[in-house]
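2 protein chains.
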Amino acid sequence: MFLTRLRDALTEADVVDDPQIIESYRADHAPGVPAGMPRAVVFPRSAEQVAAVLRAAVAERVPVVPRGAGSGLAGGANAVDGCVVVVMDRMDEIVRIDPLDGVAVVQPGVRNTALREAAAEHGLWYAPDPASRDFCSIGGNVATNAGGLCCVKYGVTRDSVLALQVVLADGSITRLGRRSIKGVAGYDLTGLFVGSEGTLGIITEVTVRLRPLPPPAITVVASMPGLTAAATAVQSCLTTMTPSLLELLDRRTIRAVEEWKGLGLDTSAAALLLAQTDLPGEAGEAEARRLEQTFTEHGALEVYRSETAEEAELLLGARRFAFPALERLGRVYLEDIAIPRGRLADLLAAVERIADRTGAIVGTFGHAGDGNMHPTIVAPWDAPEAGTAATAAFHAIMDAALDLGGTITGEHGVGLLKRHGLAGELDDTARRLHLQIKQTLDPYGLLNPGKALPSMP
Amino acid sequence: MFLTRLRDALTEADVVDDPQIIESYRADHAPGVPAGMPRAVVFPRSAEQVAAVLRAAVAERVPVVPRGAGSGLAGGANAVDGCVVVVMDRMDEIVRIDPLDGVAVVQPGVRNTALREAAAEHGLWYAPDPASRDFCSIGGNVATNAGGLCCVKYGVTRDSVLALQVVLADGSITRLGRRSIKGVAGYDLTGLFVGSEGTLGIITEVTVRLRPLPPPAITVVASMPGLTAAATAVQSCLTTMTPSLLELLDRRTIRAVEEWKGLGLDTSAAALLLAQTDLPGEAGEAEARRLEQTFTEHGALEVYRSETAEEAELLLGARRFAFPALERLGRVYLEDIAIPRGRLADLLAAVERIADRTGAIVGTFGHAGDGNMHPTIVAPWDAPEAGTAATAAFHAIMDAALDLGGTITGEHGVGLLKRHGLAGELDDTARRLHLQIKQTLDPYGLLNPGKALPSMP
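Protein sequence lines, in the order shown, are assigned to chains E and S. First residue of the first sequence: 1, per the UniProt record's numbering; consecutive thereafter. First residue of the second sequence: 1, per the UniProt record's numbering; consecutive thereafter.
Honestly, the hints are just simulated from the structure, not real lab data. Check before you lean on any hint, since a few could be wrong.
[Claimed, not checked] Covered stretches of chain E (chain S as the covering partner; in silico rule of three or more C-beta atoms under 8 Å from a C-beta of chain S):
{"no.": "1", "segment": "54 to 65"}
{"no.": "2", "segment": "156 to 169"}
{"no.": "3", "segment": "258 to 270"}
{"no.": "4", "segment": "368 to 375"}
Note that CB positions come from ideal geometry on N, CA and C, so glycine has one too.
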């Protein structure tokens, strides 16, 4: 009956109940969280088809799990038993790029890099750049409010989203937000949907702002003698400059990258700092010099800056290889905490203490300029018992971030992975508010059940 | 009974029912919208006192109208009969400025300029700069999501707010958001409250991000031969640069300023463009040259740039005097529409047509770089019948903005003034969603009733 309704609303080929095909749509990239067995996977091609799926789901009380590219890291797209997984892959059209308005209108299945490239043809730039940009989708980016490397200067996905078309739980279709850059008519419902992880509705179109393409960046790399020196250097930069990128890798991460790629990194350093400036011309040169100088003043063992755009990109290699290099060493538990910017040294020290105490192997890297770090716990393949230490460390790091006034997730989302942590972050009233809003928009609780939200206070 | 409860919760001096004092708290600065008669005005000094006021109000079903500095332009702070006006003036402490975290924590009654000055002592900058910055409050800025002149590069109030403490309708106190720059745990309820004009709760503390103080700006001024030339020049700038300010004044506004202040403006020009760049050093010089060049290529009659920081500020005088200069000419109806950036020429032409058709006198100025313009309709004091034409023009301009894909309010808010317009901007489903959220958070409808929200579809 449910499948018949789906097949009536979509084409035959866009409704799948073959268990073998379904298998590959059960989970995203989050490790160690459960995934149920969907009864069907559908691939709608329009907002109207999404609405038909939701009407069918409500009629038969079938849970609905929206899915972008499946590259999520928190289990937000993991299936629940008996659900329909709604894959937005086939809505992948760049509807319009309007250089004069400085906006693009895209369907949710468009890949981040595809939008980036299409904008570049007009001399424009879509700023948000999650590390997964080559394979993640704009819809998924919006649903998780994805971050990236350029956030320190250009903000997160939220800061580039002007308007959304969404299908609500009851199958009604609405437009939120506007095409103008500014606007304060009504509540910021666009913002409410950004980062709501598919629990309030399904995003079927996204209007984003584009910026002028920035000038080529200059990269400055410094190897630092200690984590505290690295953290204070970061803070020193941020009180007087706004670099376009400011990343940190700790020793374990440096060594993992070096062992794998042999880039010639200084494996004796406690930390590697990578910064970029994209100011134009002489201002970029001047800012690069100030970055070098700041790192030197904080005791850098070595400072190096790129001479060409190609070299600038090459030097980022160490950062881009950080996570895959750690992944090679075992099963990984990727953290995503963020702390107030001034507490970076405290966080790095806390992570070291937690590693010592639990015996977990932790490599830390991330967006130092935003205080959004990714301590990555590695449970070696040949040490099956390491999972216990890893889990203990994972939770202890979240607690440490909260103790420092931070958050359990800076950019990956809560999904399934961090629901417990959320209880520590939101007070009772805020939790109640979340659940009331969820209940108002999704009275049967069918949209991505069990994800993203706190449990009842 | 109600007054007794208030006097029990607050000090005697912070509860006022003297009709003469109440009179000055009945309305904000919006012209032509009704204001009711409050039964009391209270001046709470803590979140707990605000909570006590709300508990008393709920117990006796008394409407509550929150009020910042009263500088609003849409009637959002206007009293309704029998309400209690909650004036946030006496919660005016800068709680903390933390240069390392790059944040400030302030009470809502702090004046925008006071925060700006306190941040500057640390070499930091609070960016949002509404024209009313010397007398408006941060709480009011947050409640209306206020804009300003620097938005074109640095965004609106929303973009600087990290966290809020709010008191909900039932008197519970909660914290929303975080101190870290990034964070995606839970729904963006901070964003939901920003711009909600006191209809969802009362803001009792605001955490904002601070940026490094930008270098001194260079101002470039150009007098343009036509509105279309001015609009296309603006667009041409924005596709390759991000100036820190980009404003436009039309001929009527230029003449009003010149007659009043005698600044030596070219009163034969159809429009005056004012731009600033705050890039450092040679990059600023280069961007100023490109602004000059762009204006010249679009037919500027004259282009001039500042040589010193003092002169840069002086040249902005024409813009700062725009509204008061028009106010001298009669009763004014200040519009606040915003359109997609590429439609500026169309909007300016539409405003001219509307002025011709209705016979209204309209001077237009505003934030051209954001497409957020303030066509200001003047009904001369000696022409009492001009009010009818003015009202017709006011509504026609909102319609024109919507026809161009824009919004009825870019930065002032809906308040009482634009509730009718809102019906044209939101679709039925979006309207329903607004009312559902309002109902969920304020089940008795006591918080700023009759403001900001659409009527039922």
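Legend entry - In rising order, the numbers of the hints this structure does not comply with: 1 and 3
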